[in-house]
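Asker: So the protein lines, in turn, are chains U and V.
Quick note on UniProt numbering: the first sequence kicks off at 1 and runs consecutively.
Quick note on UniProt numbering: the second sequence kicks off at 1 and runs consecutively.
No lab work stands behind these hints: they were computed from the structure.
If you're wondering where the values come from, they're calculated on a predicted model, not measured in any experiment.
Hints may contain errors.
Pairs involving identical chains hold if they fit within one copy or between any two copies, as the list cannot separate such chains.
[Stated by the list, open to error] Listed next, the in silico DMTMM-like pairs over lysine to aspartate or glutamate satisfying Cα-Cα at most 20 Å (straight line):
(1) Lys135 <-> Glu186
(2) Lys113 <-> Asp80
(3) Lys113 <-> Asp134
(4) Lys113 <-> Glu252
(5) Lys113 <-> Glu46
(6) Lys87 <-> Glu252
2 protein chains.
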Amino acid sequence: MVVFVQLCRVNGGNCSRPKGTNFGAPATCRKQEEFYGRKLILADREEVEQEADNILKDADISDVAFLVVGDPFGATTHSDLILRATKLGISYRVIHNASIMNAVGCCGLQLYKFGETVSIVFWTDTWRPESFFDKVKKNRQNGMHTLCLLDIKVKEQSLENLIKGRKIYEPPRYMSVNQAAQQLLEIVQNQRTRGEEPAVTEETLCVGLARVGAEDQKIAAGTLQQMCTVDLGGPLHSLVITGGSVHPLEMEMLSLFSIPEASSESRSIDGL
Amino acid sequence: MVVFVQLCRVNGGNCSRPKGTNFGAPATCRKQEEFYGRKLILADREEVEQEADNILKDADISDVAFLVVGDPFGATTHSDLILRATKLGISYRVIHNASIMNAVGCCGLQLYKFGETVSIVFWTDTWRPESFFDKVKKNRQNGMHTLCLLDIKVKEQSLENLIKGRKIYEPPRYMSVNQAAQQLLEIVQNQRTRGEEPAVTEETLCVGLARVGAEDQKIAAGTLQQMCTVDLGGPLHSLVITGGSVHPLEMEMLSLFSIPEASSESRSIDGL
Numbered sequence: 001m002v003v004f005v006q007l008c009r010v011n012g013g014n015c016s017r018p019k020g021t022n023f024g025a026p027a028t029c030r031k032q033e034e035f036y037g038r039k040l041i042l043a044d045r046e047e048v049e050q051e052a053d054n055i056l057k058d059a060d061i062s063d064v065a066f067l068v069v070g071d072p073f074g075a076t077t078h079s080d081l082i083l084r085a086t087k088l089g090i091s092y093r094v095i096h097n098a099s100i101m102n103a104v105g106c107c108g109l110q111l112y113k114f115g116e117t118v119s120i121v122f123w124t125d126t127w128r129p130e131s132f133f134d135k136v137k138k139n140r141q142n143g144m145h146t147l148c149l150l151d152i153k154v155k156e157q158s159l160e161n162l163i164k165g166r167k168i169y170e171p172p173r174y175m176s177v178n179q180a181a182q183q184l185l186e187i188v189q190n191q192r193t194r195g196e197e198p199a200v201t202e203e204t205l206c207v208g209l210a211r212v213g214a215e216d217q218k219i220a221a222g223t224l225q226q227m228c229t230v231d232l233g234g235p236l237h238s239l240v241i242t243g244g245s246v247h248p249l250e251m252e253m254l255s256l257f258s259i260p261e262a263s264s265e266s267r268s269i270d271g272l
Numbered sequence: 001m002v003v004f005v006q007l008c009r010v011n012g013g014n015c016s017r018p019k020g021t022n023f024g025a026p027a028t029c030r031k032q033e034e035f036y037g038r039k040l041i042l043a044d045r046e047e048v049e050q051e052a053d054n055i056l057k058d059a060d061i062s063d064v065a066f067l068v069v070g071d072p073f074g075a076t077t078h079s080d081l082i083l084r085a086t087k088l089g090i091s092y093r094v095i096h097n098a099s100i101m102n103a104v105g106c107c108g109l110q111l112y113k114f115g116e117t118v119s120i121v122f123w124t125d126t127w128r129p130e131s132f133f134d135k136v137k138k139n140r141q142n143g144m145h146t147l148c149l150l151d152i153k154v155k156e157q158s159l160e161n162l163i164k165g166r167k168i169y170e171p172p173r174y175m176s177v178n179q180a181a182q183q184l185l186e187i188v189q190n191q192r193t194r195g196e197e198p199a200v201t202e203e204t205l206c207v208g209l210a211r212v213g214a215e216d217q218k219i220a221a222g223t224l225q226q227m228c229t230v231d232l233g234g235p236l237h238s239l240v241i242t243g244g245s246v247h248p249l250e251m252e253m254l255s256l257f258s259i260p261e262a263s264s265e266s267r268s269i270d271g272l
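Starting from the given sequences, assemble the full structure and let the hints guide the process.
Answerer: As structure tokens, then:
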């Protein structure tokens, strides 16, 4: 059996860089290979999107497994893989999995009260998108919470290496709740400058989540302002912007993770 | 270790009646007991909601496992359990799982385009709630799909047995996509009678899903009218009402499951 492992956040999973991964190509995941007792082929987003046929090669005569983080259907990329397989007459079986899309419920906010999920990307000097903020606004107007998936940059090339065609990659970057909150506050300021009434303010109740599902998972509930400084440790992080109304039971759950006064430290979920 | 198994749909999971379950109390799940090699205590919704302290009894000195279908945080009941455990100083660990809330993506509709989830309950002669329909309307206005969780009735007593205090239970009932679609069409008719413009019509594109995640999973895409007659087989069923706009890639995925002309038969997901 040929086993591909996808490395990226397209599926809304609690994706993390496989330990021992070498970001030069061909890359392998040693820890996972030991676990599965098989050779694994690391497929970055680029490969999955541009070389899908390579993944499906020989899948009609032998088994091919494609492992992702989270649930496979968080990503259009995977629907595309299924459509290609179908056209090639290759049957498939999907094994579903937990995803940040539902595991986020561990913070105490009810899943059925989440509106459309948004993604917050790293801003650059020239590219500072604010469009996702409209979805947050719409969600809040409908009393729904917003799950914000935070950007992951892996296998990035510097402009110089890109131009010179050097396959040298920058170290991976994972957006933290602090960075996301700071970008959000900048958008709030920009809206005020434009004379608009921002749907979110420094005082909006938010929840920062880190390494959901892992033993050292951390959750912190506080204002958007507090999210700028709360220390949640390493990646992967997610941020929730609560809707207008928070149910008393939700509030009681959030209180388990509330940021202590005069502190930017959050409580661990099992620090009870 | 004491192991409780919850039997109900409160968690939005693809819940099904454990084989070998005896609905008289105390009930056991033989198949699961063989699998886990432990005695299991079947906890119905009533017990979980009313006797939570019984579940947490001795959890401070020994391990107690509480198994649910789907992800634990689909249900306020489980947040309540965690709050009780916290107050009792009992630490806990949550193992997340796939849930119909994200596994529904297997039909090809994108998860981030789902709005608020609704529940459709069995109507009685005297109780025919239509309120959930407003949420479907709001979702469609926002271009979002609606996942409808269909009612499950287990451990029900007939009025006579209830009055006479007899612990005799009716056979379990699981709402089918057909039943849900028929109730929806009745609501549409009621709205027309009241001179309202229904947010959904006989022609609205819907998706019926059955036994998601199981090998004999079935998915059927068609109009709400077709959902009244499509044969998806045994429980558990879920229904999706699509939002106004369906992305071309979503449409291509749905076409894999489209109901053949002049037939109420759906294609199996692996009937390629």
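Asker: Reference check for the pair Lys113 and Glu252, CA-CA at most 20 Å: within, between, both, or neither?
Answerer: within (16 Å within a copy, 29 Å between copies)
Asker: First find the shortest C-alpha distance between Lys135 and Glu186 inside one copy, then the shortest across copies, and answer within, between, both or neither for a cut-off of 20 Å.
Answerer: within (17 Å within a copy, 33 Å between copies)
Asker: Indicate which option fits the pair Lys113, Glu46 if close means a Cα-Cα distance not exceeding 20 Å: within, between, both or neither.
Answerer: neither (34 Å within a copy, 24 Å between copies)
Asker: Have a look at Lys113 and Asp134 and pick one of within, between, both or neither, based on CA distance no larger than 20 Å.
Answerer: For Lys113 and Asp134, both the intra-copy (18 Å) and inter-copy (15 Å) Cα distances are at most 20 Å.
Asker: At most 20 Å between alpha carbons: which applies to Lys113 and Asp80, within, between, both or neither?
Answerer: between (29 Å within a copy, 17 Å between copies)
Asker: For Lys87 vs Glu252, is the C-alpha pair at or below 20 Å within one copy, between two copies, both, or neither?
Answerer: between (50 Å within a copy, 11 Å between copies)
In summary, the structure is inconsistent with hint 5 from the numbered list given earlier, while agreeing with all the others.
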